[in-house]
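Numbering of the sequence shown is given in UniProt numbering, commencing with residue 1 and proceeding in unit increments.
These aren't lab readings, by the way, just hints derived from the structure by calculation. In this text, a Cβ means the ideal position worked out from N, Cα and C, and glycines have one as well. Incorrect hints may have been included.
[To be verified] For each label pair, taking beta carbons as the anchor points, the in silico distance ranges come out as:
no. : residue 1 : residue 2 : range
1   : G109      : A202      : 24 to 32 Å
2   : T45       : T73       : 20 to 28 Å
3   : T45       : E89       : 17 to 25 Å
4   : D62       : E121      : 31 to 39 Å
5   : G49       : G117      : 32 to 40 Å
6   : E121      : M11       : 13 to 21 Å
7   : V152      : G34       : 19 to 27 Å
8   : D167      : D82       : 22 to 30 Å
[Said to hold, decoys possible] Restricting the straight-line Cα-Cα distance to at most 30 Å, the calculated cross-link-like pairs of lysine-lysine (DSSO-like) are:
no. : residue 1 : residue 2
9   : K173      : K22
10  : K191      : K173
11  : K22       : K2
12  : K2        : K191
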Amino acid sequence: MKIAVYGATGMVGSQIVAEAAKRGHDVTAVSRSGREVQGTANVATAELGDMAAYRALATENDVVVFSIPPSRTGESHQPFVDAHEEISETLVPARVFIVGGAGATEVDGVRLFNIPGFPEEYMPEARTMGEVLDFYTSASGLDWTMLAPAPVIAPGEPTGAIVLGNDSPAGDKVSTGDFAVAALDELEDPKHQHRRFTVASA
Numbered sequence: 001m002k003i004a005v006y007g008a009t010g011m012v013g014s015q016i017v018a019e020a021a022k023r024g025h026d027v028t029a030v031s032r033s034g035r036e037v038q039g040t041a042n043v044a045t046a047e048l049g050d051m052a053a054y055r056a057l058a059t060e061n062d063v064v065v066f067s068i069p070p071s072r073t074g075e076s077h078q079p080f081v082d083a084h085e086e087i088s089e090t091l092v093p094a095r096v097f098i099v100g101g102a103g104a105t106e107v108d109g110v111r112l113f114n115i116p117g118f119p120e121e122y123m124p125e126a127r128t129m130g131e132v133l134d135f136y137t138s139a140s141g142l143d144w145t146m147l148a149p150a151p152v153i154a155p156g157e158p159t160g161a162i163v164l165g166n167d168s169p170a171g172d173k174v175s176t177g178d179f180a181v182a183a184l185d186e187l188e189d190p191k192h193q194h195r196r197f198t199v200a201s202a
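Given the sequences, and given the hints that come with them, work out the whole structure.
In structure tokens:
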């Protein structure tokens, strides 16, 4: 399978690249810098909002993975939101796989960021990822899937034991290695098309 991974140099994206390469897939690491990533010989330079580059990558690959969070340093999230809105409205031959956010997952139908006591410092990112999810759930004709992590995600190797959930957190924490395993399992054997699911380390 040919897989392009946006955010390939990041904490989660680099693990997805490594897991995909380990399984023998043809991986293109996509980043703003175009920096090489261990495990793949293919690199591409692209910004999230560069739709011409996205269309090209979505034509050349079977799957395009977006592992890019909104800004965490105070910049406006609007460009991030606008990019995902356009991506969700653009029909491409590739499948689209989005790394979601834990704050927009749900408990009893209520998103975490709407539950009293949700940490204020995580509120902007959580609301943004909720808005992004809404774009995809409203999309028509796009083959998409979103995977959201447990509330705590941290660097770590695959443990060999993961738990999956639907819209609610599957557990309290997940390693980036376990997240990547769940992502590649889904890409190889799709079971959550046109919807979000969640993962935690067992």
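Verification of the supplied hints:
no.: 1; hint: G109 - A202: 24 to 32 Å; in the structure: holds, 25 Å
no.: 2; hint: T45 - T73: 20 to 28 Å; in the structure: holds, 21 Å
no.: 3; hint: T45 - E89: 17 to 25 Å; in the structure: holds, 24 Å
no.: 4; hint: D62 - E121: 31 to 39 Å; in the structure: holds, 37 Å
no.: 5; hint: G49 - G117: 32 to 40 Å; in the structure: holds, 34 Å
no.: 6; hint: E121 - M11: 13 to 21 Å; in the structure: holds, 18 Å
no.: 7; hint: V152 - G34: 19 to 27 Å; in the structure: violated, 31 Å
no.: 8; hint: D167 - D82: 22 to 30 Å; in the structure: holds, 25 Å
no.: 9; hint: K173 - K22; in the structure: holds, 24 Å
no.: 10; hint: K191 - K173; in the structure: holds, 22 Å
no.: 11; hint: K22 - K2; in the structure: holds, 13 Å
no.: 12; hint: K2 - K191; in the structure: holds, 19 Å
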